[in-house]
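Sequences listed follow chains A and B, in order.
Note that the first sequence covers residues 1 to 160 in my numbering.
Note that the second sequence covers residues 161 to 331 in my numbering.
The set of hints was computed from the structure by calculation and includes no laboratory data.
Incorrect hints may appear among the rest.
[Unchecked claim] Think about it this way: if two alpha-carbon atoms lie no more than 25 Å apart in a straight line, the pair counts; the simulated DSS-like pairs of lysine-lysine are:
hint : chain 1 : residue 1 : chain 2 : residue 2
1    : A       : 19        : A       : 150
2    : B       : 309       : A       : 80
3    : A       : 80        : B       : 326
4    : A       : 158       : A       : 19
5    : A       : 158       : A       : 146
6    : A       : 146       : A       : 19
[Stated by the list, open to error] Which residues of chain A face chain B? A partial, calculated answer using Cβ under 10 Å:
hint : residue
7    : 22
8    : 24
9    : 27
10   : 55
11   : 79
12   : 89
13   : 107
14   : 114
15   : 115
16   : 122
17   : 123
18   : 124
19   : 126
Heads up, the beta-carbon is just placed ideally off N, CA and C, and yes, glycines get one too.
Each chain is listed here by its residues.
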Amino acid sequence: MGLEQKLGDMGIVTTSLEKVVGWARSRSLWPMLFGLACCAIEMMSTQASRYDLSRFGMELMRASPRQSDLMIVAGRVSRKMAPVLRNLYDQMPDPKWVIAMGDCASCGGVFNNYAIVQGVDEIVPVDVYVAGCPPRPETLIEGIMKLHEKIRHEPLNKWQ
Amino acid sequence: MNEQTDLAQTLRTALAGVVQEVVVFRGEVTLVVPRERVIEALTHLRDVQRFEMLTDETCVDYYPREPRFGILYQLYSLSRNLRVRVKVMLSEHDPIMPTACGVYRNANWAEREIYDLFGIHFDGHPDLRRILLPADYQGHPLRRDVPVKVEENAFTFNRARIDAQKPYAAE
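Required output: the full structure, derived from the provided sequences and hints.
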């Protein structure tokens, strides 16, 4: 028997705690206000009126890592920036997730040289890689929705 | 154009014995100076010829030619609206320059950048340490014998091998 048949004459829905927590977490991600390069422009436009990230409960970009649970690495990370990035990640409270936005953050992109980290997965564990140079807002939203899906299916005991 | 050729002529006589060669190319004057006399030449250019401003100090790597490095001082005279370039050739085996910080104070950071990226040592520099790269960086990446690429390009046939060598961050 599905939920639909019960609607109207019931006050109780049974589900697992894991599902409720995953659902709640995925619907109110607070991303960190952290742009590194041209990808940040696309990230800004993702939040702005046309693409409106607040549809996903993400309108609040926090300027402090202590209040955010999603790091969108938007742009190339230089070797000198790498310790800063790791520091910010370490300051974020659990549970936390990372999106590598764009080719540079994912694999170094066109910057195959001494100054740029060849993928931020060398510094922080990445959950979703978003391709593109820079990725359009639609692409970033697709990546965010993939992350939502991932969060919804995460076991509760992952963050201990 | 004429002002520049006049300048070349003036400098040739004023700095005779100091300058090895005066090159004029498309109106740009370049003075080639030996390393031992460069401070003397810069001081003269600043005080007598009134080139008050050091626009830039850079380095060129002519690898595998010898002498390998060329240190370039781009000078500008605000009062005369003239430009001149001073060039010093350096050997690969002895990449040490006297510092120009005493003549032009903004040479400080320019020389730190040259030290950082080319590994040229500046004698008498007040604060010679890396400026752009992280302090623990090994090597001097703008030298020509340093490979441009740091990582092999990944394709379908070599992806797994490259991936196996990559460091991945833990939680």
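So, against the hints stated earlier in the document, which numbers end up violated here? Numbers 7, 8, 9, 10, in rising order.
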